[in-house]
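**Q** If you want the building blocks of each chain, they are given just below.
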Amino acid sequence: MISVRKLTKEFKIPVKPPGMKGAIRHLIRGEYKVKVAVESVDFSIEQGEAVAYIGPNGAGKSTTIKMLTGILKPTSGEILVNGIDPQRHRIQNAKNIGVVFGQRTQLWWDIPVEESFALLKNIYEVPDAVYNENLKLFNEIFGLSEFIGRSARKLSLGQRMRADLAAALLHNPSTVFLDEPTIGLDIGTKEAMRELIQRINREKGVTIILTSHDLKDVEDICRRIIVIDGGRIICDKEISQLTKEYAMDRGLQITLLDMQKELPARLLGQEGISYAAMEDAHTLEIHFKPEMYTAFEIVEEVNKYARIQDFRLREPSIERMIEKIYRSGEQSA
Amino acid sequence: MRRFIRRYIGFTRCTMEERIAYRKGFLVSAVLNMVGILVSVFLWRVLFAQESVIQGYDWNQMILYVLIVALLNATLGFDTERKLSKGILDGSIASDLTKPIDFQSMSFFQALGHSLVEGGTALILVVLLAVTLTDLSPYLNPVSMALFAVSLMLAFMLKFCLAYFGGLMCFFTSNGFGVVYLRQVITDVFSGAMLPLAFFPAWFQRLAGVLPFQASVYLPTQIFLGRIEGRGAVRILALQALWVVVMWTLSGLFFRFAVKKITIQGG
Ligand SMILES: Nc1ncnc2c1ncn2[C@@H]1O[C@H](COP(=O)(O)OP(=O)(O)O)[C@@H](O)[C@H]1O
Ligand SMILES: [Mg+2]
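Residue numbers (this note's numbering), protein chains in the order written: chain A, 1 to 333; chain B, 1001 to 1267.
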């Protein structure tokens, strides 16, 4: 169980005007700019939940994860992970958590992966039975035995990430933090990573906190989404709830040969049309309530104002829901 | 205690394996050591051509001094600091900090692994040179050898503490190289690694005497060379142990303070 209250992290960024003069001035005056990376964030996560923590680049996801894992001290606010303040009792907290930072590795670079694993087994004092059982599971899903004897340096990115995820799970943590674990991976590896994460969540009741830009990860693994943007939480909902609110709308993407400038505004003015905007100079994106229009009626309506070259139905997807959440966040901000 | 060692000894083992796997670096450092020692030996040969005793050291003692310093330097060089400053500056320290381990103990066991490999090869080198270049017979009595062995171990621990403490400075600057370099220069001068402290003016020796550095190099050499014996030698061991405890504790406190300031770039 994780609870976060009024969590804020500010970074002091040195202001260094360009050139030698600037550098000296900075040395003397020591000017800093304050960057608020996470601002008054609140949420709580029950044991066994699988939560996606998503947002655009620079939103504050990694900063939040770093605070939850105890390696970064919050500027203010309160965090409890399984009843423990992770920064103050970092070592105690570390026993119960597993962490993957997709952009880093925790494996030793020049020695066989199995040696890194053996080291972790000692550190966490994992009993032999648990260790062997876990290795069996990782083998089954990841084919770990094929490359466990090689050094991390000699692994492909996909193999390395599998090994890294396995390393984070060796000690049966109750809570797992995954910061962009699938970044840069091929489809096959992504699938395998998702399968393992799903299984430990469903079968062992492990809490998952996942950040990713791949919404397929989110769809497959998570049941709840927290969206952060500009350091603030702009949405925190069950995915099923979101689907009800957002995905009821149908979407069409229409390619236009020519058009009138005020077309999107005119369409938006009509009841039953929830969204209309130009994606680029020739592509109109339009969302509508299926109980009020058929797709054909929408095309007809647009055809009154513009010549249509092509159109296609857009499936309701998490991706589009998130897009809308971002847009509504921008409007209210 | 056994449980503690069982949990941390893997860091020693992995570091050793890594060091051995990376053969090129390993050979380069062995060759560099050798060259460094030979340069010193030739320098002293020139100086001893004119005089038979310099500042109380004869040729034999001076070469042994040089060899012991080389052994200590090879055993624990830049590696602790380099690892630490790199981890702090590029954020790779993050994965160590998410483990249920005491960071300082982890660093120590890593340094130990490094030192067993580097120190092991340096020891072979140094013993070979000592046998060919010097007359060891006056120094080979079991009591002083035992005292020296203990002193070497304490010196190793103290050297680790000093390097670790220095490396932690990187929490407060983005110029890791500068910090490491500065620490190295200070240590070389005050520890007696550059020259025996007897070569320096009295005020400098007094200053060096109240600093921890001399206990990491100079004092063990004095035990080996029999310049300090009996009760004096035991006092030196006690002083070394005291410095180890003081620096270990200070480093721990410093880390606890510094880790709150860490920003962990990237990710
Ligand atoms: N160590 C740091 N020092 C200064 N600014 C930082 C640091 N880490 C992150 N930031 C800033 O805080 C904001 C949030 O960063 P981050 O949490 O890494 O975003 P995300 O993971 O969502 O992409 C960004 O604007 C980033 O530039
Ligand atoms: Mg990030």
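Any given hint might turn out to be false.
[What the hints assert, rightly or not] Stretch by stretch, here's where chain B covers chain A in the computed footprint (C-beta under 8 Å, at least three residues):
hint, stretch
1, 84–96
2, 123–130
3, 262–271
[To be verified] Computed cross-link-like contacts, DSS-like style, restricted to lysine-lysine with a CA-CA straight-line distance of at most 27 Å:
hint, chain 1, residue 1, chain 2, residue 2
4, A, Lys-237, A, Lys-324
5, B, Lys-1024, A, Lys-16
6, A, Lys-237, A, Lys-154
7, A, Lys-73, B, Lys-1024
8, B, Lys-1086, A, Lys-95
9, A, Lys-16, A, Lys-6
10, A, Lys-154, B, Lys-1261
11, B, Lys-1261, A, Lys-35
12, A, Lys-216, B, Lys-1083
13, A, Lys-216, A, Lys-324
14, A, Lys-12, B, Lys-1260
15, A, Lys-95, B, Lys-1024
16, A, Lys-35, A, Lys-6
17, A, Lys-35, B, Lys-1086
18, B, Lys-1083, A, Lys-154
19, A, Lys-73, A, Lys-12
20, B, Lys-1086, A, Lys-12
21, B, Lys-1261, A, Lys-33
22, A, Lys-154, B, Lys-1024
23, B, Lys-1260, B, Lys-1083
24, A, Lys-73, A, Lys-6
25, B, Lys-1260, A, Lys-6
26, B, Lys-1260, A, Lys-261
27, A, Lys-136, A, Lys-95
[To be verified] Here are the in silico distance ranges between beta carbons for each label pair:
hint, chain 1, residue 1, chain 2, residue 2, range
28, A, Arg-88, B, Phe-1026, 50 to 58 Å
29, A, Leu-80, B, Lys-1086, 30 to 38 Å
30, A, Leu-80, B, Glu-1229, 55 to 63 Å
Treat the hints as calculated values from the structure; they're not laboratory data. Cβ coordinates follow ideal geometry from the N, Cα and C atoms, glycine included.
**Q** Hints broken by the structure, by number, lowest first?
**A** Per hint list: 3, 5, 6, 7, 9, 10, 12, 15, 26 and 28 violated.
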